[in-house]
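As they're listed, the protein sequences go chains A and B. Counting from 1, position 148 in the first sequence corresponds to residue 151 in our numbering; the numbering is continuous, with no gaps. Counting from 1, position 308 in the second sequence corresponds to residue 311 in our numbering; the numbering is continuous, with no gaps.
Note that these hints are calculated values from the structure, not bench results. Backbone N, C-alpha and C define an ideal beta-carbon position, used for all residues, glycine too. Heads up, some of the hints might be wrong.
Partner residues are not named here, just some residues of chain B that face chain A (Cβ under 7 Å, in silico) [to be verified]: (1) 12; (2) 26; (3) 71; (4) 72; (5) 254; (6) 326; (7) 397.
2 protein chains.
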Amino acid sequence: MVSTFAPQAAGDLNFLKKLNRSSILGTVRRYPGATRADIAARTQLTKATVGGVVQALLERGWLREGELQPRGGGRPGRALYLDDAHHVLLGADIGVRGLRIVACTLGGEVLLQRYVTEPPTTPEATAARLAAMLRDMRDDPGIADRHCLGLGVTVPGPVAPEQPILRLAPNLGWVDVAFLEVLRPYLPELDGAWLLDNEANAAAFGEFYFHDGIPPESIVYISAGSGIGSGLVTGDNYPLVPRGVQGLVGEIGHTIVQPGGLYCHCGNRGCAETLVSGWAIRAALGIADTENLEAAIAARGDDPDVNAVLRRAGEALGTLMLNLHHTLNPATLVLGGSLMHLGERLIEPALAYFEAHQNDLLRGTQRVPIKVIHDSTFTAARGAAAQVMAKAALEA
Amino acid sequence: MVSTFAPQAAGDLNFLKKLNRSSILGTVRRYPGATRADIAARTQLTKATVGGVVQALLERGWLREGELQPRGGGRPGRALYLDDAHHVLLGADIGVRGLRIVACTLGGEVLLQRYVTEPPTTPEATAARLAAMLRDMRDDPGIADRHCLGLGVTVPGPVAPEQPILRLAPNLGWVDVAFLEVLRPYLPELDGAWLLDNEANAAAFGEFYFHDGIPPESIVYISAGSGIGSGLVTGDNYPLVPRGVQGLVGEIGHTIVQPGGLYCHCGNRGCAETLVSGWAIRAALGIADTENLEAAIAARGDDPDVNAVLRRAGEALGTLMLNLHHTLNPATLVLGGSLMHLGERLIEPALAYFEAHQNDLLRGTQRVPIKVIHDSTFTAARGAAAQVMAKAALEA
DNA sequence: TTCACTTAGTTAAATCTATTAACTAAAGAA
DNA sequence: TTCTTTAGTTAATAGATTTAACTAAGTGAA
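Based on the sequences and whatever the hints tell you, model everything.
Okay, structure coming up:
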């Protein structure tokens with residue numbers, strides 16, 4: 004299995020219908036305000052087909068009609084938008100330092116968000132806490148009357164590609180947790196699709212799916228927090244999330260960027276995570292796990308040691324960006340994760356290193372645009388919600 | 004564009020037909036001897052659909068019937084195989100040190116192969132030489148009466164993802180060459196699909212498509228020759244070849260594995276290619292471009308300098324393997340390229356390094372099987388032929 | 001031998017999807 | 001007003017898979 008939502012390889016007429024419906028919905032998502040004629044041109048479907056599918060999607064509350072789009076000397080088309088009024092997508096992020104949940108519209112607009120800074124303990128206790136938060140949010144008058152399309156949950160570790168099982172979360176101490184099964188008894192009433200994914204994959208998915216401006220061809224999202232990971236999303240109407248045979252795609256924290264370097268908790272030396280990760284920076288600066296990293300570093304002010312550690316971490320991040328660029332060659336690179344709160348002393352060296360080491364392979368091509376998400380508190384949760392929508396769109 | 008042959012995102016009944024036909028053909032390719040009933044079970048299509056499509060494929064010379072497959076207490080099914088008798092696939096590999104061509108059956112069996120050790124000069128001269136070789140092979144009595152499905156050509160450098168243009172081949176001195184257009188006037192009579200791809204991508208494709216034994220879920224092929232590159236193939240019925248926005252997916256030669264290391268011709272320091280590549284080994288040992296690398300190294304015998312350089316190159320290769328494993332997480336890792344001719348002094352350290360640095364992320368999962376292709380002279384050309392078949396299968 | 005049972009594969013009718021072609025609708029320009 | 005252009009709808013058509021019933025070909029037990 005390569006993808007979360009890849010179309011199957013063979014199918015019947017019903018499959019074809021789902022394919023086309025999802026494609027039409029994806030066109031409106033990527034090009035808000037598209038008319039039926041625009042959709043027909045982009046998807047290569049006929050006006051008749053598009054008209055019929057759009058009619059069904061309007062009736063089911065997935066699309067809404069907007070203003071007339073003037074055309075040069077012809078009947079104006081009717082703009083179409085994702086209908087933000089009738090459905091809700093739920094996303095939850097189980098982070099090393101707390102839980103975050105969001106409720107989104109089909110267009111990716113966050114209706115509500117909640118955040119608690121209690122580090123997760125056991126899966127059961129976490130599920131109970133998360134369920135309470137979600138039930139409370141679900142009952143909020145702003146969304147209680149919306150139809151819930153499902154819930155996406157992210158975790159800080161690799162998820163098996165075939166089953167929703169968290170394989171290993173070193174920073175939580177969790178191993179082989181089928182978290183959705185743990186959570187379900189606490190939320191029996193919540194219907195729709197239930198999904199589990201790695202935090203970086205979900206964040207990448209969300210940035211790709213709920214893009215602003217021109218739809219990206221592909222995205223690599225680098226999540227620099229307690230550990231460091233990445234997610235890759237490509238594809239046109241169907242976002243593809245390569246996961247690999249063991250769900251380890253993007254586990255760049257343990258790529259070796261400095262042979263013979265520092266020892267990593269994984270047992271190897273010179274892993275990227277020994278240079279650029281929350282735990283590595285804490286270790287280098289002697290900051291306890293119980294302290295808030297951002298506050299502790301701010302408290303030290305313009306300390307040369309701090310500056311050196313952050314610069315070194317930034318340059319390692321730049322190295323990772325270069326290596327990812329040469330290995331995955333994404334159209335867009337997005338930086339996120341809690342380390343971005345540490346600011347320019349980390350980010351600037353990363354961007355500078357990346358810029359300074361561009362090479363001939365890229366001659367004559369556009370530089371890859373880099374987006375820095377300075378506060379990505381809810382990015383993964385929103386990405387999980389995006390995954391719910393992509394899943395539900397096939398059944399719309 | 005993510006893939007060479009990905010199904011489009013929307014379509015009509017004819018598209019559905021192509022999808023199912025390709026899926027059925029893919030099932031027979033991956034499971035030779037499958038019966039109609041087996042195919043129906045695997046593809047989720049009905050017996051009626053499978054029966055009809057198989058009938059058409061038998062008539063067109065894509066499939067042939069074999070022996071009866073006994074079933075436990077029921078009518079035996081009829082084994083189906085790819086028909087090796089009626090079609091031919093052509094593949095060509097433009098290498099830094101010579102040209103190689105092959106003619107293959109649908110099953111990947113090489114009918115003929117040719118090799119010349121003239122390093123390519125200009126695109127025009129290379130096209131003329133290649134056309135002469137291909138025409139000569141096409142006229143061979145063994146294949147002259149077969150229907151040609153097309154020609155795949157590989158080049159030692161990144162190819163633009165949307166158009167068949169070689170962007171840059173540093174080792175050939177070629178820049179922005181639309182090689183198929185250069186070649187076409189020399190071979191006007193050759194019909195079928197014409198494809199151009201990077202050598203590592205094509206080799207990976209061939210190893211994935213013409214697999215032996217159990218079909219792999221995904222493959223990363225590392226091509227270690229004059230330079231070093233890699234190709235990735237995943238997917239079920241449709242092999243997917245991620246290329247990236249500029250066709251640079253797998254350009255691992257310029258990932259940085261030793262910050263501050265040796266200078267690379269790309270301008271950066273510590274690129275993988277400064278350690279494990281034909282040119283780096285030549286530079287380290289003072290072997291001229293005009294000499295044959297394998298012969299020169301053999302001539303030096305058990306020289307400690309040679310041993311050290313090869314061990315260092317092998318360990319760098321092992322690092323690359325680890326990093327690719329953590330970034331792309333393929334189900335199978337294949338090592339090929341001309342450096343494999345240098346033997347165990349290079350290969351053994353690579354495998355040992357990879358083995359010694361497995362970490363916790365892989366706990367409880369199967370080790371990645373590693374296949375070493377000791378002589379990959381025709382691997383890329385055969386892979387190009389495989390790509391021709393995949394393309395033609397959609398139109399079969 | 002016969003019969004029941006199982007699995008493989010084919011056939012014709014039915015179902016469902018998208019397309020085609022003709023239509024209506026709505027705007028601008030002469 | 002009329003012509004032209006573009007948007008969107010509708011009814012008939014074409015085409016693909018499925019359904020359901022069939023035939024075919026084996027095993028095993030009475």
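Are there hints from earlier that the structure breaks, and if so, what are their numbers? Violated hints: 3, 4, 7; rest satisfied.
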